[in-house]
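Trainee: Below, each chain spelled out in residue letters.
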Amino acid sequence: MNITKIRADFPSLEVGNGRKPVIYFDNACQTLRPRQVIEAVQRYYQEFPACSGRSMHRMATEVTREVDQAREKVAKFLNAGRKEEIIFTRNTTEGVNLIASALNWKAGDVILVSDKEHNSNLIPWQMVAKRHSAILRVVHTRADNTFDMEAFEQALKAGPVKLVAMGYTSNLDGVTIPAAEIVKRAHQQGALVFLDAAQTIPHQRVNVRALDVDFLAFSGHKMMGPSGTGVLYGKYRLLEQLEPFLVGGDTVSSSTYETCQFLPPPEKFEAGLQDYAGIIGLAAAVQYIQSIGFDTIEKQERLLNEFLSEGLEEIPGVRLIGPSDPRLRSGIVAFYIEGVDHHRIALMLDQMANIAVRSGQHCVHSWFNARGVAGSVRASVYVYNTLEEAKLFLDSLIKIRKVL
Amino acid sequence: MFCIIAFIVLSILGIFSASNRQLAKEALDCVLRRVTLRPCTTGFDEKMKAKILGYVITRSETGARFLNRYFEPLSWIFFFLLVGSTFFAARGVFLYYTTGSCNGLNQSGFCVFDPTGQNTQFSSVDESCPVTSGGDVVLTLEGVNLSGFPRLTGGANAKPIVFIGSYGCDYSRKAYPMIRRLVQRYGAELIFLYYPVKEHSDYLAKVGYCAYKLDPQRFWDLNDRLFAADKSRLEDEAFVQGVLEESGFNAQSVQFCAKDFQTEWVVKQQLAEVRKTNFYGTPTVFIQNEALIGPKPYRVYAIALEGLLYWLK
Numbered sequence: 001m002n003i004t005k006i007r008a009d010f011p012s013l014e015v016g017n018g019r020k021p022v023i024y025f026d027n028a029c030q031t032l033r034p035r036q037v038i039e040a041v042q043r044y045y046q047e048f049p050a051c052s053g054r055s056m057h058r059m060a061t062e063v064t065r066e067v068d069q070a071r072e073k074v075a076k077f078l079n080a081g082r083k084e085e086i087i088f089t090r091n092t093t094e095g096v097n098l099i100a101s102a103l104n105w106k107a108g109d110v111i112l113v114s115d116k117e118h119n120s121n122l123i124p125w126q127m128v129a130k131r132h133s134a135i136l137r138v139v140h141t142r143a144d145n146t147f148d149m150e151a152f153e154q155a156l157k158a159g160p161v162k163l164v165a166m167g168y169t170s171n172l173d174g175v176t177i178p179a180a181e182i183v184k185r186a187h188q189q190g191a192l193v194f195l196d197a198a199q200t201i202p203h204q205r206v207n208v209r210a211l212d213v214d215f216l217a218f219s220g221h222k223m224m225g226p227s228g229t230g231v232l233y234g235k236y237r238l239l240e241q242l243e244p245f246l247v248g249g250d251t252v253s254s255s256t257y258e259t260c261q262f263l264p265p266p267e268k269f270e271a272g273l274q275d276y277a278g279i280i281g282l283a284a285a286v287q288y289i290q291s292i293g294f295d296t297i298e299k300q301e302r303l304l305n306e307f308l309s310e311g312l313e314e315i316p317g318v319r320l321i322g323p324s325d326p327r328l329r330s331g332i333v334a335f336y337i338e339g340v341d342h343h344r345i346a347l348m349l350d351q352m353a354n355i356a357v358r359s360g361q362h363c364v365h366s367w368f369n370a371r372g373v374a375g376s377v378r379a380s381v382y383v384y385n386t387l388e389e390a391k392l393f394l395d396s397l398i399k400i401r402k403v404l
Numbered sequence: 001m002f003c004i005i006a007f008i009v010l011s012i013l014g015i016f017s018a019s020n021r022q023l024a025k026e027a028l029d030c031v032l033r034r035v036t037l038r039p040c041t042t043g044f045d046e047k048m049k050a051k052i053l054g055y056v057i058t059r060s061e062t063g064a065r066f067l068n069r070y071f072e073p074l075s076w077i078f079f080f081l082l083v084g085s086t087f088f089a090a091r092g093v094f095l096y097y098t099t100g101s102c103n104g105l106n107q108s109g110f111c112v113f114d115p116t117g118q119n120t121q122f123s124s125v126d127e128s129c130p131v132t133s134g135g136d137v138v139l140t141l142e143g144v145n146l147s148g149f150p151r152l153t154g155g156a157n158a159k160p161i162v163f164i165g166s167y168g169c170d171y172s173r174k175a176y177p178m179i180r181r182l183v184q185r186y187g188a189e190l191i192f193l194y195y196p197v198k199e200h201s202d203y204l205a206k207v208g209y210c211a212y213k214l215d216p217q218r219f220w221d222l223n224d225r226l227f228a229a230d231k232s233r234l235e236d237e238a239f240v241q242g243v244l245e246e247s248g249f250n251a252q253s254v255q256f257c258a259k260d261f262q263t264e265w266v267v268k269q270q271l272a273e274v275r276k277t278n279f280y281g282t283p284t285v286f287i288q289n290e291a292l293i294g295p296k297p298y299r300v301y302a303i304a305l306e307g308l309l310y311w312l313k
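Those sequence lines, one after another, are chains A and B. If you read the first sequence in our numbering, its first letter stands for residue 1, the second for the next number, and so on. If you read the second sequence in our numbering, its first letter stands for residue 1, the second for the next number, and so on.
Just so you know, not all the hints are guaranteed correct.
Computed footprint of chain A on chain B, listed as stretches where at least three residues anywhere in the stretch have a Cβ under 8 Å from a Cβ of chain A [as the list claims (entries may be wrong)]:
(1) 44–52
(2) 101–113
The following label-pair restraints were derived from C-beta to C-beta distances [as the list claims (entries may be wrong)]:
(3) B:I12 to A:R19: 18 to 26 Å
(4) B:I12 to A:R65: 19 to 27 Å
(5) B:T41 to A:G272: 36 to 44 Å
(6) A:G18 to B:A90: 24 to 32 Å
(7) B:T42 to A:G272: 31 to 39 Å
No lab work stands behind these hints, which were simulated from the structure alone. For clarity, every value in this text was computed on a predicted model and none was experimentally measured. Glycine included, each C-beta is placed from N, C-alpha and C at the ideal position.
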């Protein structure tokens with residue numbers, strides 16, 4: 001598929017107001033949105049801005065239908081068994097918190113996480129450990145930040161692991177873990193598996209049934225969808241057993257002054273009025289990704305990552321985070337320069353050439369603190385980024401390196 | 001040090017732009033932390049340095065390298081320049097307020113608050129008009145006999161104001177009403193020294209002398225009328241006669257006195273006395289032994305007479 005044609009779908013990439021066109025390399029934080037998504041959101045507000053699943057009038061019926069279709073699209077996108085396995089959330093973090101809150105914890109239950117989890121997939125488990133006297137165990141990665149299956153196997157066998165909660169693709173370095181194997185081994189030990197797929201879903205095909213994963217969460221804003229949208233997938237039989245997280249309107253079929261009758265999933269997890277515009281926009285994003293195809297996305301990201309990685313390796317003092325093989329790092333290139341403030345690099349890139357990158361610890365403070373690294377610059381590319389942009393990024397960085 | 005400079009600059013820019021206002025707030029936070037000997041945790045200075053370097057690097061890598069290496073010393077230099085320029089700016093404002101010129105009393109030179117130099121212009125005694133500088137001449141009333149000049153006595157302990165002016169001089173015409181207002185407001189004593197800086201206006205010196213001699217009370221009405229009259233007609237004797245009569249004088253008596261040989265001699269003596277002040281242009285106003293040349297704003301005369309807090313009196 002033609003990248004130029006894809007770029008034309010993104011209003012943010014248009015040149016205007018005499019400013020330099022943005023080189024958006026902060027896609028791991030959130031991606032830009034195509035017109036199709038913006039228009040879908042707009043359509044809700046313009047045509048049927050009503051409640052879903054409650055009122056009987058035509059506008060409400062239209063919203064209900066659109067939301068139902070959106071759920072179905074997402075279910076198909078993930079190859080879920082049924083659409084009721086899809087719970088709409090505000091983001092991945094909410095999905096993690098839902099599982100952390102809804103599982104039935106017992107003292108001594110073990111939760112396994114990796115050593116480079118995003119705070120969203122670390123702090124909720126820390127809280128579970130604190131509240132329920134559970135044990136949070138960290139599985140360390142290899143020296144190059146790739147997954148250590150042996151260490152994982154040992155950790156699994158070391159105690160009663162209730163849940164393996166891991167980032168499917170790291171937002172730190174773009175490394176994707178061997179999820180299918182992890183799920184298989186975890187299930188063999190009787191553990192459930194939750195995958196934080198926020199950095200995976202936008203970049204590669206995910207088949208939840210093939211993975212046999214129990215729970216999986218992701219965000220809309222990292223996959224060209226609206227901000228404030230997310231999805232939690234869960235196997236239906238497990239969702240049925242979970243206690244609701246947030247309760248209230250639209251989660252029950254009936255109530256008395258003393259008790260209530262909860263609706264089945266997904267309704268019992270979707271309390272209150274939902275972000276219908278966002279959900280409809282999210283479905284549009286799913287459709288947009290499908291229209292491009294993961295082959296195109298992966299090919300473009302690999303091309304750019306290889307180019308960027310090669311270029312960065314030639315700049316003196318630059319240290320890449322993660323494995324040296326760019327094919328293992330999705331669309332993410334994180335690096336730091338010894339003795340140079342990462343924020344300064346990011347600000348200078350922005351000032352020099354309107355290049356947007358992320359700097360800091362990327363919500364993976366634990367990894368940086370454990371290694372005594374102050375932070376890094378993270379360039380994360382997506383399907384609409386080009387080689388010209390990557391070249392300008394490298395040229396700018398070379399200049400910065402000469403100055404700092 | 002950079003925070004202080006940034007705070008001042010961004011505060012000014014913040015008047016026009018909300019984004020700069022936000023940066024100014026960050027800079028203020030940084031300044032407050034620095035003055036209380038706490039580290040600046042907002043990263044403001046780092047952020048601004050990076051932005052500046054990012055801007056400079058696109059134009060000159062050498063410049064950016066230099067700036068990066070000497071950012072702190074350069075910040076200090078700019079800080080001292082800022083302190084210096086703030087001091088001089090404040091001094092200029094104070095001088096303008098108290099003397100009507102940013103450069104000090106009777107000083108010429110550009111002043112941003114008086115760009116056309118209105119407050120420092122005067123009519124030269126050698127008839128080149130207008131001029132703005134009299135050099136380093138010391139003006140004084142010492143040794144000047146003021147006894148024969150028109151005198152408007154004030155109350156007890158009235159402070160004297162000596163006004164040297166000419167009816168035909170635009171600058172005298174501008175200053176005179178303010179001096180009259182000042183005399184009235186603070187009960188000062190006014191001594192009026194007429195000095196003809198325009199051709200053919202010698203005649204008015206004699207008329208003034210005679211009018212005061214004949215009726216000191218009515219003289220001040222005549223004086224006010226002559227300063228307010230159409231100056232192109234001041235050389236017209238018939239017009240002056242009309243003004244005399246409007247002020248209640250017998251014009252013939254005044255004219256007769258003015259043409260008297262004795263009057264001419266006295267007036268010459270008086271003009272000689274005026275020149276002893278070393279004045280070089282009109283209006284020149286002596287207040288509390290301070291000479292103010294050119295038409296100043298009212299407040300300058302008031303400050304010279306009553307001090308900075310004149311408005312409280």
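Trainee: Next, verify each hint and record whether it holds.
Mentor: Consistency of the hints with the structure:
Residues of the stretch 44–52 of chain B with a Cβ under 8 Å from some Cβ of chain A number 5, which satisfies the need for three, so the listed coverage holds. Using a Cβ-Cβ cut-off of 8 Å, 0 residues of the stretch 101–113 of chain B lie near chain A, which falls short of the minimum of three, so the contact claim is violated. Distance hint check: the CB atoms of B:I12 and A:R19 are about 24 Å apart, consistent with the given range 18 to 26 Å. A hinted range of 19 to 27 Å for the beta carbons of B:I12 and A:R65 is inconsistent with their spacing of about 57 Å.
With their beta carbons about 38 Å apart, B:T41 and A:G272 fall inside the hinted range of 36 to 44 Å. For A:G18 and B:A90, the hinted distance range of 24 to 32 Å is not satisfied, since their beta carbons lie about 39 Å from each other. Under the hint 31 to 39 Å, the C-beta atoms of B:T42 and A:G272, about 37 Å apart, fit the expected range.
Hint compliance for this structure: hints 2, 4 and 6 are broken, all remaining hints hold.
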